[in-house]
Amino acid sequence: MSAQSDARYSPKEIEPRWQQAWDSDGCFAAKVDPARPKYYVLEMFPYPSGRIHIGHVRNYTMGDVVARYKRAQGFSVLHPMGWDAFGMPAENAAMAEGGHPGTWTYNNIKVMKGQMKPLGLSIDWSREFATCDPEYYGQQQALFLDMYKAGLIYRKTGIVNWDPVDMTVLANEQVIDGKGWRSGAEVERREKEQWFFKISDYSAELLSALDGLENWPNKVKLQQRNWIGYSRGLQFAFDLTAPADGITQIEVFTTRPDTLQGASFVGIAPDHPLAKALEAQNPAVAAFCAEARKGAATEEAMATGEKLGFDTGLTVQHPLDPDWHMPVWIANFIKMDYGTGAVFGCPAHDQRDFDFATKYALPIVPVFVAKGAEEAPLTEAYVPEDSESVRYLRPIAGEPEQTADQAVDAAIKLCESRGIGKDTTMYRLRDWGFSRQRYWGCPIPFVQCDTCGLVPEAKENLPVRLPDDVTFDKPGNPLDRHTAWRSCTCPECGKPALRETDTMDTFVDSSWYFARFTAPHASTPTDLEEADYWMNVDQYIGGIEHAILHLLYSRFFARAMHKTGHLSAKSIEPFNALFTQGMVTHAIYQTRDAQGRAVYHYPEEVELRDGAGFLKDGKEVEIIPSAKMSKSKRNVVDPVAIIDQFGADTARWFVMSDSPPERDVEWTASGAEATYKHLNRVWTLGDKIAALPADAPGEGDDELMRALHRAIDDVTKTIEGFAFNKAIAKLYELTSILSRTKASAKAQKQAGRVLAQLMAPMTPHLAEELWHRLGGAGLVTQAQWPQADPALLVDDVITLPVQFNGKRKAEITVPKDASKEEVEKTALADQAVIKALAGATPKKIIVVPGRIVNVVI
RNA sequence: GCCCGAGUGGCGGAACGGUAGACGCAGGGGAUUCAAAAUCCUCCGCCCUAACGGGUGUGCGAGUUCGAAUCUCGCCUCGGGCACCA
82 MSAQSDARYS PKEIEPRWQQ AWDSDGCFAA KVDPARPKYY VLEMFPYPSG
132 RIHIGHVRNY TMGDVVARYK RAQGFSVLHP MGWDAFGMPA ENAAMAEGGH
182 PGTWTYNNIK VMKGQMKPLG LSIDWSREFA TCDPEYYGQQ QALFLDMYKA
232 GLIYRKTGIV NWDPVDMTVL ANEQVIDGKG WRSGAEVERR EKEQWFFKIS
282 DYSAELLSAL DGLENWPNKV KLQQRNWIGY SRGLQFAFDL TAPADGITQI
332 EVFTTRPDTL QGASFVGIAP DHPLAKALEA QNPAVAAFCA EARKGAATEE
382 AMATGEKLGF DTGLTVQHPL DPDWHMPVWI ANFIKMDYGT GAVFGCPAHD
432 QRDFDFATKY ALPIVPVFVA KGAEEAPLTE AYVPEDSESV RYLRPIAGEP
482 EQTADQAVDA AIKLCESRGI GKDTTMYRLR DWGFSRQRYW GCPIPFVQCD
532 TCGLVPEAKE NLPVRLPDDV TFDKPGNPLD RHTAWRSCTC PECGKPALRE
582 TDTMDTFVDS SWYFARFTAP HASTPTDLEE ADYWMNVDQY IGGIEHAILH
632 LLYSRFFARA MHKTGHLSAK SIEPFNALFT QGMVTHAIYQ TRDAQGRAVY
682 HYPEEVELRD GAGFLKDGKE VEIIPSAKMS KSKRNVVDPV AIIDQFGADT
732 ARWFVMSDSP PERDVEWTAS GAEATYKHLN RVWTLGDKIA ALPADAPGEG
782 DDELMRALHR AIDDVTKTIE GFAFNKAIAK LYELTSILSR TKASAKAQKQ
832 AGRVLAQLMA PMTPHLAEEL WHRLGGAGLV TQAQWPQADP ALLVDDVITL
882 PVQFNGKRKA EITVPKDASK EEVEKTALAD QAVIKALAGA TPKKIIVVPG
932 RIVNVVI
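Here the first sequence stands for residues 82 to 938, numbered as in the numbering used here.
Think of the hints as simulated: they come from the structure by calculation, not from any bench.
A hint or two may mislead.
[Said to hold, decoys possible] Pair ranges (Cβ atoms, derived): (1) Asn657 - Leu773: 44 to 50 Å; (2) Leu918 - Arg821: 36 to 42 Å; (3) Ala755 - Asp613: 58 to 64 Å; (4) Asp613 - Pro298: 23 to 29 Å; (5) Ala368 - Ala323: 19 to 25 Å; (6) Val680 - Pro298: 35 to 41 Å; (7) Pro923 - Val878: 23 to 29 Å; (8) Ala361 - Leu696: 53 to 59 Å; (9) Lys279 - Pro444: 40 to 46 Å; (10) Pro444 - Asn657: 51 to 57 Å; (11) Thr506 - Ala722: 53 to 59 Å; (12) Gln529 - Gly232: 16 to 22 Å.
[Claimed, not checked] Result set (DSS-like, lysine-lysine): computed pairs, CA atoms no more than 27 Å apart in a straight line: (13) Lys452 - Lys416; (14) Lys357 - Lys375; (15) Lys279 - Lys260; (16) Lys924 - Lys888; (17) Lys807 - Lys830; (18) Lys906 - Lys924; (19) Lys925 - Lys888; (20) Lys93 - Lys237; (21) Lys198 - Lys119; (22) Lys888 - Lys901; (23) Lys901 - Lys916; (24) Lys112 - Lys191; (25) Lys758 - Lys700; (26) Lys644 - Lys540; (27) Lys576 - Lys237; (28) Lys807 - Lys897; (29) Lys300 - Lys807; (30) Lys494 - Lys540; (31) Lys798 - Lys830; (32) Lys901 - Lys925; (33) Lys388 - Lys375; (34) Lys375 - Lys555; (35) Lys758 - Lys300; (36) Lys811 - Lys827; (37) Lys230 - Lys273; (38) Lys191 - Lys93; (39) Lys302 - Lys644; (40) Lys198 - Lys93.
Quick reminder that beta carbons are idealized off the backbone N, C-alpha and C, glycines included.
Between the sequences and the hints, there should be enough to build the whole structure, so can you do that?
Here is the structure:
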């Protein structure tokens, strides 16, 4: 590896060479080293879709910059990689192209790993695994059995999307405009026995522990808070005036008991026991409920659909006035899985109730009005802030004028004292239903025995492996049809039994992989000693689209793993710091097939002319504005071409430059070339400096050293702050200064080596080359990060702007520690200031030392 | 519909409440070259001005402040999530 001073910058030649050097030195193997602080940096592992896209490059380069920087800071670093390998796309591929989901998945992994390797990521590949490896999912099954034993798993009915033509359960993604994606049939919400994690046991804790996550973005914490959805209110029962099918009461939960005097109806969910009882007797009720159950089972579908109601003809008594009777309606927007599945409607102070009451001509009775206002007919619900004091027209407790918070408190106390209901805390967070009626997932290790019922598989029989001989020519779960696989022996009584055919949600796989990375081949889910050394993840990096579900489930799992002895108490919040990077977006190119269905095209298939896009055959494509890159929409950019053409360092530098990492970035191809040019300049500069005789004198050493230490300080701070784009801007500046300096060879060589160190996290191969040529010892990858000398960071004189009424009019130069008086004197003596004053006397002069002078006239 | 974000030149973006546009891209002019590529120098928000300089400007509208891209309120547009996409 001798310096080749005349050679052109050739990434194809140098990149593999340095990658090999790192490998043979074992630079990236994570080693338990009690003498050093550890640092665990993790990027959300990829789904093996087939090819890496530019979003992956951005994501993994970010993690790699952190990993390399932390290593240089002296940390023992764990930076692993794996594959989130179960899930629907593999089954879809099997349906579309034949073949087996496993073959497709492992092939994709092979291809993607081949594409990632040339990036020179400092990953400990010896820890790699895929969640579809039986070794991994077998341990997941073991963990599952422990969680079951700990009471964290149970079965109950849940709602699924049912395709009545294909006779199969659909994912939300497979429901398009309320219809099945293949059959086109109207989807129904159907109840089905399902497996659940008891995440709701942890609602309060998952909520309160968010406060301790100081290095998480507020927006993520806020989204989780809202998702968990704490609410305090009153739970009580309305007595039916006449029992129906043995039901005498309707239990409701309300956060606004202070509005009881404005109640005008009671609404129940279509799946409420009372609704079901009526449904059995009354065809009109049955028809309404059937209609209400149509469409996708998503929150969004329910919230945006038309609000419909059905008057049951039943009535209930008002709890505070037995003579006051109000009707019971079935309403399609009330959900059985929140609260009690029943509410009382107060149209005057809830917009949805107002709309409902208007539509069905129910009374609208205001409970309070704004202070100073009089009672008047409403055109919309009056919903003031909870902290705003209002005047109660129909109070049940408390002061005549009070805030909602005070009124609710008083109302709860009053109701409790009269024996009406009780003070109740409710969370929006529901238990996590994780059964999937699909093949390509982790089998749920249970068997159905005629004698013993539903029985957990014995641990020694794990892993329960997926059978390989399956076909996807029919809708539904191939496991259901696989009688040989289903047949097994009951682990309790030894009689013939049948396997559970549901598999696990892929979110289960990704809820504990971070822990598995600490001991990826352990014969138990984790190895406590390894986990204790490496956990927690010091820096987790991933997409904002995972702000709620993945991160919340992982937080739950860490607690569950602690409860079952697989993680220690310190790891119940597994991610110390979280960074959510923006997405790489790209326009979507779409045409339509004969049936009018959307057909998507890859960017490289589309030629752009004058803002319009055309396929090779001349057909014009519809251009849909930038959206998250997704394989199904084919709006992905292939980074392999960029690496091929310019090398990994160019790709890495380019994705780190320009856009702040937390922001979405619209991918454009121009710019990669400019990065390549810059790296060439650095290369040439390295040649030039290397060629200087060691004792060559020069001038401006001080200036160069000031610039150098300023750069060390700036780059260090910006990397620490995840502002990689700013770090790169500073590196451009330093390069520019270094290429113009006339300083001595000694100073230039020193500056060049430091430049190599500062560039190393971003462009590690070029940095090694530069370091090596300028006489750096060993590998720059293993060199200690440089330290800025504070003495070189302060300037003796500073320039201050002088504003007139906030508008800049002049500039003055003052010593850095000049007093207010001195600054004011200098300002008033300045020619431009005298001119701007034009003889007038300033009303006031504001001097902020080191910042600004503002003259008020 | 509900929850969470984001909006600054032709483009990506800088800017502890304190000189808006750092740095990069694109573009103009120049040097070098037989020519080109590469490289180097230089200009570059918009409007007025020959220039000096002036006005204006951070999605829109109000407000707080000596001073607002930054804080507050109300809108608009775009993006993410809404529990079976990962």
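Hint by hint, here is what the structure shows:
no. : hint                        : in the structure
1   : Asn657 - Leu773: 44 to 50 Å : holds (45 Å)
2   : Leu918 - Arg821: 36 to 42 Å : holds (40 Å)
3   : Ala755 - Asp613: 58 to 64 Å : violated (47 Å)
4   : Asp613 - Pro298: 23 to 29 Å : holds (27 Å)
5   : Ala368 - Ala323: 19 to 25 Å : holds (23 Å)
6   : Val680 - Pro298: 35 to 41 Å : holds (37 Å)
7   : Pro923 - Val878: 23 to 29 Å : holds (24 Å)
8   : Ala361 - Leu696: 53 to 59 Å : holds (57 Å)
9   : Lys279 - Pro444: 40 to 46 Å : holds (41 Å)
10  : Pro444 - Asn657: 51 to 57 Å : holds (55 Å)
11  : Thr506 - Ala722: 53 to 59 Å : holds (56 Å)
12  : Gln529 - Gly232: 16 to 22 Å : holds (21 Å)
13  : Lys452 - Lys416             : violated (35 Å)
14  : Lys357 - Lys375             : holds (16 Å)
15  : Lys279 - Lys260             : violated (31 Å)
16  : Lys924 - Lys888             : holds (16 Å)
17  : Lys807 - Lys830             : holds (24 Å)
18  : Lys906 - Lys924             : holds (15 Å)
19  : Lys925 - Lys888             : holds (15 Å)
20  : Lys93 - Lys237              : violated (58 Å)
21  : Lys198 - Lys119             : holds (24 Å)
22  : Lys888 - Lys901             : holds (20 Å)
23  : Lys901 - Lys916             : holds (22 Å)
24  : Lys112 - Lys191             : holds (26 Å)
25  : Lys758 - Lys700             : violated (36 Å)
26  : Lys644 - Lys540             : holds (18 Å)
27  : Lys576 - Lys237             : holds (26 Å)
28  : Lys807 - Lys897             : holds (26 Å)
29  : Lys300 - Lys807             : holds (23 Å)
30  : Lys494 - Lys540             : violated (52 Å)
31  : Lys798 - Lys830             : holds (24 Å)
32  : Lys901 - Lys925             : holds (13 Å)
33  : Lys388 - Lys375             : holds (13 Å)
34  : Lys375 - Lys555             : holds (24 Å)
35  : Lys758 - Lys300             : violated (38 Å)
36  : Lys811 - Lys827             : holds (22 Å)
37  : Lys230 - Lys273             : holds (23 Å)
38  : Lys191 - Lys93              : holds (21 Å)
39  : Lys302 - Lys644             : holds (24 Å)
40  : Lys198 - Lys93              : holds (13 Å)
Violation of the numbered hints given earlier is confined to hints 3, 13, 15, 20, 25, 30, 35; the remaining hints are satisfied by the structure.
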